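Our numbering runs 756 ahead of the 1-based position in the sequence shown.
Just so you know, the hints here were simulated from the structure itself, not pulled from any lab data.
This one's a predicted model, so the numbers in the text were calculated from it and none came from an experiment.
Glycine included, C-beta positions come from ideal geometry on N, C-alpha and C.
There could be a bad hint or two in this list.
[As the list claims (entries may be wrong)] Quick list of simulated restraints, FRET-style, between CB atoms:
#  : residue 1 : residue 2 : range
1  : 832       : 760       : 20 to 30 Å
2  : 810       : 852       : 20 to 30 Å
3  : 776       : 825       : 37 to 47 Å
4  : 874       : 852       : 32 to 42 Å
5  : 858       : 802       : 38 to 48 Å
6  : 859       : 802       : 20 to 30 Å
7  : 851       : 804       : 34 to 44 Å
8  : 764       : 804       : 16 to 26 Å
9  : 760       : 855       : 37 to 47 Å
10 : 797       : 858       : 30 to 40 Å
11 : 863       : 815       : 36 to 46 Å
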Amino acid sequence: MRPDVGPTACLSFEPDEARCLLWLPLAVRHKLDGCRLRLSLLEWQALPLETRAELLHLPAGADFALCALQAGASRDTRLRQPARLEAYEVAQALDCDAAAAGAWLAAATPFAHYVLSRRNRAKTWVAAGGVGLAAR
Numbered sequence: 757m758r759p760d761v762g763p764t765a766c767l768s769f770e771p772d773e774a775r776c777l778l779w780l781p782l783a784v785r786h787k788l789d790g791c792r793l794r795l796s797l798l799e800w801q802a803l804p805l806e807t808r809a810e811l812l813h814l815p816a817g818a819d820f821a822l823c824a825l826q827a828g829a830s831r832d833t834r835l836r837q838p839a840r841l842e843a844y845e846v847a848q849a850l851d852c853d854a855a856a857a858g859a860w861l862a863a864a865t866p867f868a869h870y871v872l873s874r875r876n877r878a879k880t881w882v883a884a885g886g887v888g889l890a891a892r
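Based on the provided sequences and hints, a complete structural model is requested.
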């Protein structure tokens, strides 16, 4: 995964359901988290496809937050820690050496950190018997 990935498109490893906007893509989840907003899957699926696409393609910021609130998002009052990755996690996830992992970490956008941490969490969950992104 490129370290400069931005949150305005679906990612190649996301399931078909996310790419066709039936499920919330990671980019939308990231932007909602960044604005401290919440949109349930049922609320997402009730939105017109055009609104879902607009939320995906809008860059993070005030316009996204306004659009999400108008679409029915609510304030998320849960306290969340930002995604923090260690070099060994990056090296393992990207199958690279420590130097390449360090370079990736230095160049990675906040969205790239978010995606890799979510992907690592999904793989851990699948290994424990769950289903998710890594099951694909």
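Hint-by-hint comparison with the structure:
1. 832 with 760: 20 to 30 Å: Holds: the Cβ-Cβ distance is about 27 Å, inside 20 to 30 Å.
2. 810 with 852: 20 to 30 Å: Once the Cβ atoms are compared, 36 Å apart, the range 20 to 30 Å for residue 852 and residue 810 is violated.
3. 776 with 825: 37 to 47 Å: violated (24 Å)
4. 874 with 852: 32 to 42 Å: Violated - the Cβ-Cβ distance for residue 874 and residue 852, about 19 Å, lies outside 32 to 42 Å.
5. 858 with 802: 38 to 48 Å: holds (44 Å)
6. 859 with 802: 20 to 30 Å: violated (43 Å)
7. 851 with 804: 34 to 44 Å: The hint (34 to 44 Å, Cβ to Cβ) holds, given that residue 851 and residue 804 are roughly 40 Å apart.
8. 764 with 804: 16 to 26 Å: holds (19 Å)
9. 760 with 855: 37 to 47 Å: violated (18 Å)
10. 797 with 858: 30 to 40 Å: holds (36 Å)
11. 863 with 815: 36 to 46 Å: violated (19 Å)
In summary, the numbered hints that this structure violates are 2, 3, 4, 6, 9 and 11.
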